[in-house]
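*Asks:* Just need the whole structure built from these sequences, with the hints factored in.
In short: position in the sequence shown from 1, add 137, done, that's our numbering.
Because the hints were derived from the structure by calculation, they are not lab data. Note that beta-carbon positions come from the ideal geometry of N, C-alpha and C, so glycine has one too. It is possible that part of the hints are untrue.
Have a look at the derived ranges for each label pair, beta carbon to beta carbon [as the list claims (entries may be wrong)]:
1. V422 <-> L213: 45 to 53 Å
2. G419 <-> R281: 23 to 31 Å
3. L170 <-> Q220: 32 to 40 Å
4. A429 <-> T246: 47 to 55 Å
5. G419 <-> R207: 37 to 45 Å
6. W173 <-> D411: 29 to 37 Å
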Amino acid sequence: MTLAHAIIISLLQGAFELFPVSSLGHTVVVPALLGWHEKQSDPSFLAFVVMLHLGTACALLTFFWRDWLRIVRALLRSITTRQLSNDPDERFGWLLVTGEVPAGLLGLTLKKPLNHLFGVPELAALFLIANGLLLLAGERLRQRELAAVAAREGAPRAGREPGCRLRLADLSFAQALGIGAAQALALIPGFSRSGTSMVGGLLARLTHVDAARFSFMLATPLIAAAALLELPDLFAKDAQVGPGLAALGFVISGVTAYLATRFLMKYFETERLDIFGYYCLGFGVLAFLILAIAR
Numbered sequence: 138m139t140l141a142h143a144i145i146i147s148l149l150q151g152a153f154e155l156f157p158v159s160s161l162g163h164t165v166v167v168p169a170l171l172g173w174h175e176k177q178s179d180p181s182f183l184a185f186v187v188m189l190h191l192g193t194a195c196a197l198l199t200f201f202w203r204d205w206l207r208i209v210r211a212l213l214r215s216i217t218t219r220q221l222s223n224d225p226d227e228r229f230g231w232l233l234v235t236g237e238v239p240a241g242l243l244g245l246t247l248k249k250p251l252n253h254l255f256g257v258p259e260l261a262a263l264f265l266i267a268n269g270l271l272l273l274a275g276e277r278l279r280q281r282e283l284a285a286v287a288a289r290e291g292a293p294r295a296g297r298e299p300g301c302r303l304r305l306a307d308l309s310f311a312q313a314l315g316i317g318a319a320q321a322l323a324l325i326p327g328f329s330r331s332g333t334s335m336v337g338g339l340l341a342r343l344t345h346v347d348a349a350r351f352s353f354m355l356a357t358p359l360i361a362a363a364a365l366l367e368l369p370d371l372f373a374k375d376a377q378v379g380p381g382l383a384a385l386g387f388v389i390s391g392v393t394a395y396l397a398t399r400f401l402m403k404y405f406e407t408e409r410l411d412i413f414g415y416y417c418l419g420f421g422v423l424a425f426l427i428l429a430i431a432r
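*Replies:* Following this line, the structure appears as structure tokens:
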């Protein structure tokens, strides 16, 4: 891998990991469109991508550090006292722990069988299309549900959107489990980690901002754990991506991800996810046609 290629892939990862458009899908499709010759199914390439994810995890920890500090304190207090309290930070922490279970188990079980998909950019393009359809369907179902609730309940109370909970702590543990399971779709290049979990959050009646916050915080421990597990592959004798490029990618991805998080947490106040669905549809179709013709 050349320096220029490493920088471009790092920028793609940092920007698109948090945008609901699949960073993995782009890191598989874009190099193929540009005619690069990196072996994307090589363990060291996958380890490089995971190191970029680690940069993203550090960016998320930096952005949400106050939240994490309160949550960790609340969880430790809960473990020490061996009981649940009415503290919203404590409940939110246990919701995050619950959401980690399906994504973590499925990641450990399915990661190796799905690794071969990294070498098939046409499939990644098709999955990008599927991701776009998922985002549009989730947005449509949410709007339909809000309209139904508004018709049933009448005008919403002050400060409350019809059919939407105001607080993340109001989620049930079953809903947190479902959102975590939805996030596991991101093991497939082309499906977005933030996109799938946000759709799950919207269907659980969270606002876009709260769905994004839960998605980003849910992803942070999983991304960090996956990176630590893959690090040894960067030091293999036949690795095509060495630790030097990985370290550079880590920094670039982290800075880009932090800026993306700042933008997205503001953007989702507009309550719109469909624009990313249309992008995935358009880019996925175009990429698939170009790759099919080139082959």
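*Asks:* It remains to establish, for every hint, whether it holds in the given structure.
*Replies:* Status of each hint after checking the structure:
1. V422 <-> L213: 45 to 53 Å: Holds - the Cβ-Cβ distance for V422 and L213, about 49 Å, lies within 45 to 53 Å.
2. G419 <-> R281: 23 to 31 Å: Since the Cβ atoms of G419 and R281 sit about 24 Å apart, the hinted range of 23 to 31 Å holds.
3. L170 <-> Q220: 32 to 40 Å: 55 Å, violated
4. A429 <-> T246: 47 to 55 Å: Violated: the Cβ-Cβ distance is about 32 Å, outside 47 to 55 Å.
5. G419 <-> R207: 37 to 45 Å: Hint holds: Cβ distance 41 Å, inside 37 to 45 Å.
6. W173 <-> D411: 29 to 37 Å: 32 Å, holds
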